[in-house]
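Visitor: Listed below are the residues making up each chain.
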Amino acid sequence: MRTGLRPVSFLPGSVTTAKLPPVCSLAVHNPLKQGCESPQKASSVSPAEPRSAYLHLPFCKRKCLYCDFAVLALGSAPQETIQSRFSSYTQLLLEEIGHTCGRHPAGLETVFFGGGTPSLLPPQLLEQLLAGLDNQFGIAPDAEISMEADPGTFTAESLSAYMRSGVNRFSVGIQAFQQSHLERCGRSHDLHDVQAALGLMQQAQPASWSLDLISGLPHLSMEDWRESLEAAIAAQPPHISTYDLQIEDKTPFARLYRPGDAPLPADSEAADMYRLASSLLCEAGYEHYEVSSFALPGHRCRHNQVYWTSAPFHAFGMSAASYQQGRRVTRPRAMQGYQSWVQALAEERDPAASLEADSLQDQLLDMIMLSMRTSDGLNLQQAEQRFGRAARTAVERAVARHVEHGYVSFPEPDIIRLTDPEGFLIENDVVSDIFAAVGQIPEHLQAS
Amino acid sequence: MLQSLHLSHTHQFSRVLQGTARQARHPILHSSLFPWARALAGTALSSRTRQGCSSLRQGRFQRAAFRTAVAVAAPPRELVLPVEEKVKKVPPKYIRNFSIIAHIDHGKSTLADQLLIQTKTVMDREMQAQFLDGMDLERERGITIKLNQARMKYTANDGQVYALNLIDTPGHVDFNYEVSRSLAACEGCLLVVDAAQGVEAQTLANVYLAMENDLEIIPVLNKIDLPGAEPERVRREIEEVLGLDCSRAILASAKAGIGIEDILEAIVERIPPPADNIADHETRALIFDSAYDPYRGVIVYFRVTDGELNVGDRVMLMNTRKEHIIDELGVLAPKPVNVDRLFAGEVGWLSASIKAVADARVGDTITLKKNPASQALPGYTEAKPMVFCGMFPSDGDQFEDLREALGKLQLNDSALSFEPEVSSAMGFGFRCGFLGLLHMEIVQERLEREYDVDLIVTSPTVVYRCNLAKGETMVVQNPTLLPDAGVRESIEEPYCRMEIITPKDFVGPLMELSQARRGDFVDMQFLTEARTTLIYNLPLAEVVTDFFDELKSRSRGYASMEYHQIGYRKSDLVRLDIKINNETVDPLAQIVHRDAAFRVGKALTGRLREVIPRQQFKIPIQAAIGVKVVASENLSAMRKDVTAKCYGGDISRKKKLLKKQAAGKKRMKMFGKVEVPKEAFTSILKINSDAA
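So the protein lines, in turn, are chains H and Z.
For the first sequence, UniProt numbering assigns the number 1 to the initial residue and increments by one for each residue that follows.
For the second sequence, UniProt numbering assigns the number 1 to the initial residue and increments by one for each residue that follows.
Keep in mind the hints are simulated off the structure, nothing from the lab.
Don't take each hint at face value.
As the list claims (entries may be wrong) - With a straight-line Cα cutoff of 25 Å, these simulated SDA-like cross-link-like pairs (lysine to any residue) come out:
no., chain 1, residue 1, chain 2, residue 2
1, Z, LYS654, H, ASP272
2, Z, LYS579, Z, LYS628
3, H, LYS63, H, ALA73
4, Z, LYS678, Z, GLU633
5, Z, LYS665, Z, ASN634
6, Z, LYS665, Z, SER423
7, Z, LYS408, Z, SER351
8, Z, LYS645, H, PRO332
9, Z, LYS660, H, ARG258
10, Z, LYS673, H, VAL403
11, Z, LYS645, H, LEU380
12, Z, LYS678, Z, PHE617
13, Z, LYS470, Z, ILE625
14, Z, LYS384, Z, GLU441
15, Z, LYS669, H, GLU396
16, H, LYS250, Z, ARG653
17, Z, LYS408, Z, VAL422
18, Z, LYS656, H, PRO312
19, Z, LYS120, Z, VAL87
20, Z, LYS120, Z, GLU265
21, Z, LYS659, H, GLU404
22, H, LYS61, H, ARG333
23, H, LYS63, Z, LYS645
24, Z, LYS645, H, VAL329
25, Z, LYS645, H, GLU248
26, Z, LYS669, H, HIS405
27, Z, LYS645, H, ASP366
28, Z, LYS656, H, GLN325
29, Z, LYS660, H, ILE247
30, Z, LYS570, Z, ASN467
31, H, LYS250, Z, LYS645
32, Z, LYS659, Z, GLU679
33, Z, LYS660, Z, GLY672
34, Z, LYS355, Z, ASN338
35, H, LYS250, H, ARG184
36, Z, LYS669, H, VAL403
37, Z, LYS645, H, CYS282
38, Z, LYS666, H, GLY406
No experiment lies behind these values; they were computed from the predicted model shown.
Looking at chain Z on its own, in the form it has when it is part of the complex:
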């Protein structure tokens, strides 16, 4: 169930099986809000982050969610409630809307599965079947199952029948805007903490989000059956760090099925019911997720807060001002079930022939055209890309294919932006904006794999501001467009505030890392005697490359991080140009700090010397600031490239090698007289960190 959801994300992310891991590990996906920054809720950054999640998660879609309903054999009646029973209406006071906050691997998916089984919403075997179906579908048709909510029927100890709506927060709780919208659709949440690990940075941030939304928080100490479990320590930690009362924390093991009944009872007892805003209210519903389906258009997932929605209603989205007529309305139980009407307090989905997710953005408010609400629900923001790069087809003839493919991806990815770019070196392509490097990699990979466009991707960059001597300010998304030093007054770069939570043993290495990335130390506090929080202000450009990978490697995986953008600052930045055979290669230009120019230049020229194949003449490779060369390498001429023997058995082998060599050549770009392989442009990604 939610497990299959979780897994589906993995596949969707086209990073083949590494998807989830990468996603989980990527810094961009970890941005979140902090208590001292709660005022910033809904800033541009947070919206970027969440949109990224949404778009990434949605990847390809979801018609599978509707298909599997047919694909899975109906389980025996006594073990699982009939569909009509599962979706039967109950008055608002018997509805409970909740979500689960947990760090990756702390057991969210397993717990969700257990809740579904315990409430006879699904059965064990069915879950397995659906999971497998999902995998097969994924493999065979390249589509993905999405499940982001589940409606359960639970008969509590008080004898009452309750409708429980579990609203999934993004597969990883790293997308704070999306998480915040999902939480805004709930009245309570389960805080699941691994009893052997303790609170992590993302958990912390999401708990603050939950508090901000006035949710009832039920602490659950999971994995108490493991030998390393220290429920008392973790209970204290939650109390000390989060200030939550843990006297009623539930001891559980989702895997072993311990404490599930207690959790269900706590949901019913402790989480308040939604306000009974059905009658005499202007209709409002909060969109907490959306995804594109090629047959139905965008599927919108929402929580009704006021009034009611009916099939056939003409609805309006209050922020985008778009109007649509509801074609279908339904709930997920956990398979999609169509219903005629959803009222305040309920959670469901709708389709209304909406063409792109950008027309039904997360956080927007649905209202009725004929009787619109006077005020939209709070908290809506739009995604803005924070990392840009150029994407050019290797083969100029594929420009139109690339345009079409980007357009299709954008249908389901409102955070992706692109506009045409012309480069003297690379020809026609697009300047594309992303939420972060992972987002960029995913889009690149999907373009190449699903749309068969062979790409050259230029060095990614954050958005700089260049103040000109004349007094104007220019926004720079492309290093080659940075005005020359002569007309510049100053350059500003985006900064972020980074919070790291780490066992105290790793404080030293992590401070070194932050300092090496030009971080300004802000604060350090002991959370408990063993764990520390470190706060730095860092240039965003230093974070979006591989800060998170480094953090994990220097802390043996124990540290976690959160960051959010805090505005622009002047820095001593320069444009580092790369010249190959004395010609400037625009796509390799970078904006770097002056102090790092030599290091980066050295690393970059060295790397280029390795990846550019030898050619028939000697090639100088230089890194320069203006006319001043800061680093240089020479690629010596090719002396020989010949296979001595070629007889009967060698012919096939030699042909294979030559074909490979030829294939490599097709991926080259000519710069002046020099052939530069595609890899040269992507290898640049690693340079900054290697140099640091």
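For reference, chain H alone in the conformation it holds in the complex:
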């Protein structure tokens, strides 16, 4: 039943030693460059190295009208062309992986395939990518391996093939349960695909999966939104994400709509949609653990939490951003630029050589803005330890009036967090207040 490589061994009896795809041998046999040692040598690894990896798969059937991610629409290209684009991009990714340092002794704990539409990628290529990662960094036995999957792009067969390669979590971009909204967004799937996709998920029973919705869409009424939320709950996903639509510059939506103006819901209505999602989902047993994320117990997305706890992570592919050795490095958004990037890596020229590590101040700002997205909140004691007493005082001073108004709470004396939903709704306002206060701490008062 299983074919090809299983690079990881976190399922009982899953250890196989099938032949390695050629590209993996490249990574193995080419001594690693850029001063990082062979992945096999345990002595070269450091506990501060990333335990997560993000891979960007930019291909989509077509680009949604609100989307501003780095996406390559395949359109009606002939099948062979599509296949060759997939495999050459996979080779590029493998090459980048093979030339990237930073192996944690315990291997990767989370892997996330985002896009684009990763579920368009033929399963054997995804398997090669996982093998490449395993080779270079190791993949822990209990790793969370997620991929985004859009309705209409996967079948029972492809799902089980992905799962055989190790994928154990899917994030399904349903977006809406009304045909009219799917069309208006320029989604490539219809309502029928939505129902089919949910059926396939329930059948395949991955370890976890997420159902993703978008609120604040043009013409979206409160009734539509309630209907979508109820349908989502009925599908019993372990995880639900609800994203409030952001009108991004240079997207067709930006030309069509102005935030706050009809046919987009007014701000007050969009806020009510957010409140509704929070109350309905929490009633249904989901924990609202991040601004846009809800999970049944034990089903928080481990990978995304890496971002929100400022932990380091690898990233590969067009436009992907990594965080390693205190540096946030964003890869080129366009294919050609990315090719040159990988080329440079292969020639032992670090394309991000000129980037400096984030300052202490920036690390503090990251910690604030990322942790305040979560229900776990900001741990003031940790902040004080890392950034000094003045940092803690500044944060406390900045949130005082928000505490007074009920937007921020102290679940424990050393922890502050935004209240749900009212605090989350004005997250930027609160966080920018903290930024303003923290920005005024003189350098010498900051911990070194």
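Chain Z: place on chain H using the hints.
Guide: Below, chain Z alone, put in the same frame as chain H:
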């Protein structure tokens, strides 16, 4: 040369590259005197105007003028006269002191350059080099080259060697007091008129100034090589409008080098030499410009009218009564050259460790301490600010920095005034006086850019007079200090007389503009069949905002204007208060005409609703006269301000946005529970005009 001077003004004005344009376009800078108002020469207004120019022009200074002398490579000897030759003394009868009157863009700088080249004072390449050096210096060290006079040696057709002193009038001829002092230092002038355009309002005013000073005026029709040139029409226009004999007008093109020789000959032939007042005269010299230099103190530019000045002389300034010992004496040729002595008829500069330009004001008379002149030269006045505003540091800790910075600016800007002001809303700051809005903007910008003080500037106001019921009169420079209606008997506001020259097609729109600004029609006359002069009396408050911009936009740039203050008049004025969340925001208060209160209130509350960010509760914004609300708006509460997604690649982007949001917040002032951004205070500037 003068071109670099011209450009240096641009940069100095810190309005970055727009400086000159703005300067040129600004109404305050266009005030000037008119024939029917010549009696007013030297009134407070004119002095304000000129001081503004002086201070603005001087901006940062001039040591560069002394530096470039070294920076520029010496040109080949045969092409340019050696320095000692250029500054060699000639008897007064071979000296010619002159200036150039021209409208902006009519070619003054180019003509000055040509005169310098033709007389071998500089050469083409050198001029270029100096210009570039100036730019580099400007960029690298933030200092500016100033050149306001040039001494040339010219061998005329009669075989005689003449010393020609070109005295620059301010970069733009819009500063009539300074212009009048520069002209007073001359015996003649070139009137340069674009042969395709004709006479403009400022030119007209300056020609009257020249006539008042009994100068010999040589008309020059410039740009005759352009296809649109109509020298005959313009010649007639000058004759009809100015009453000048144009039979000997010189046809020229400064750009093409046409007519330059004729101009030099005319200067020598037609402009009279200075009076030979060297011997047996008490020494007197007229200051026509001054500028602060951090190393030498103030550099004073002057024309000796009687007697002589020597290095080491103890001199006295007759109006300020200050005494100084001359450290250095020199001429500009056009680079500074030190000399030991300057006698009557000559033009030069001196340094005497003078601490601030206010101690050596334009128009003052220099005399010798040991043998003082009995009478100062006529025409001296002091600058008085006409527009006031409050300047407060955004960060209260910067109050001392602000005080120090204003003090430094004042060293080179005798028209700038400031005194401490305390506001319940804004804390400690200064009430500052300026010549006009441009002056104010420049000072604000320099404080922020050069001295790194983050400012909140309150609504600018002219100086009102409030007559109290008890019979006293109060001078009001700050709307919040206007006494309540109950104790007021009346309010008076400054008026000015405005003359507009326009092609006749735009008379309608310009009359509408003047009427909308509460103007009283005085007169309208045809200058020629195509051009008209319009005269209105207007409240100064309506002029100092953006009258000039409007004039230009409604006349497609063709109209020009001049105005001067004509005293105070009673008007039905009220104080318009702004309340945000039911609290009066003092710095937003304005004095407006009762009829305009609704319009202004409506525009202002609407604008505030746009610039104040939504907050966590609903905020009423009202404009009120006393307790009566005339306009109101509601700022609805913020509903949501959250970014839905934040993953790997979004983190940097989101952080940037949050930093920007935080930076905006640091610029806010708390009024009661409401955060009001700085922009709210400056946006008020645009309101009056939008409403009108």
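Visitor: Does each hint hold? Answer for all of them.
Guide: Okay, the hints, checked on the actual structure:
1. LYS654(Z) / ASP272(H): 24 Å, holds
2. LYS579(Z) / LYS628(Z): The given pair, whose Cα atoms are some 11 Å apart, holds under the 25 Å limit.
3. LYS63(H) / ALA73(H): 6 Å, holds
4. LYS678(Z) / GLU633(Z): 19 Å, holds
5. LYS665(Z) / ASN634(Z): 21 Å, holds
6. LYS665(Z) / SER423(Z): 21 Å, holds
7. LYS408(Z) / SER351(Z): At roughly 19 Å apart (the allowed maximum being 25 Å), SER351(Z) and LYS408(Z) satisfy the hint.
8. LYS645(Z) / PRO332(H): 20 Å, holds
9. LYS660(Z) / ARG258(H): It holds: about 21 Å lies between the C-alpha atoms, which stays within 25 Å.
10. LYS673(Z) / VAL403(H): 15 Å, holds
11. LYS645(Z) / LEU380(H): Cα-Cα ~24 Å, so holds.
12. LYS678(Z) / PHE617(Z): Holds, at roughly 20 Å.
13. LYS470(Z) / ILE625(Z): Given that 25 Å is the threshold and the Cα spacing comes to 22 Å, the pair holds.
14. LYS384(Z) / GLU441(Z): Answer holds: LYS384(Z) to GLU441(Z) is near 17 Å, not above 25 Å.
15. LYS669(Z) / GLU396(H): Status holds; Cα separation ~20 Å.
16. LYS250(H) / ARG653(Z): With Cα atoms ~16 Å apart, LYS250(H) and ARG653(Z) stay inside 25 Å; holds.
17. LYS408(Z) / VAL422(Z): 22 Å, holds
18. LYS656(Z) / PRO312(H): Cα-Cα ~20 Å, so holds.
19. LYS120(Z) / VAL87(Z): 13 Å, holds
20. LYS120(Z) / GLU265(Z): OK: LYS120(Z) and GLU265(Z) at ~15 Å, within 25 Å.
21. LYS659(Z) / GLU404(H): 24 Å, holds
22. LYS61(H) / ARG333(H): Holds - the C-alpha atoms of ARG333(H) and LYS61(H) are around 18 Å apart, at most 25 Å.
23. LYS63(H) / LYS645(Z): Within the cut-off at roughly 18 Å; holds.
24. LYS645(Z) / VAL329(H): OK: LYS645(Z) and VAL329(H) at ~19 Å, within 25 Å.
25. LYS645(Z) / GLU248(H): Judged against 25 Å, a Cα distance of about 12 Å means the pair holds.
26. LYS669(Z) / HIS405(H): 20 Å, holds
27. LYS645(Z) / ASP366(H): 15 Å, holds
28. LYS656(Z) / GLN325(H): Within the cut-off at roughly 20 Å; holds.
29. LYS660(Z) / ILE247(H): 19 Å, holds
30. LYS570(Z) / ASN467(Z): With Cα atoms ~10 Å apart, LYS570(Z) and ASN467(Z) stay inside 25 Å; holds.
31. LYS250(H) / LYS645(Z): 18 Å, holds
32. LYS659(Z) / GLU679(Z): Roughly 18 Å separates the two Cα atoms, so the pair holds.
33. LYS660(Z) / GLY672(Z): Status holds; Cα separation ~24 Å.
34. LYS355(Z) / ASN338(Z): 21 Å, holds
35. LYS250(H) / ARG184(H): Answer holds: LYS250(H) to ARG184(H) is near 17 Å, not above 25 Å.
36. LYS669(Z) / VAL403(H): 21 Å, holds
37. LYS645(Z) / CYS282(H): At roughly 20 Å apart (the allowed maximum being 25 Å), CYS282(H) and LYS645(Z) satisfy the hint.
38. LYS666(Z) / GLY406(H): Answer holds: LYS666(Z) to GLY406(H) is near 23 Å, not above 25 Å.
Comparing the model with each earlier hint shows no violations; every hint is respected.
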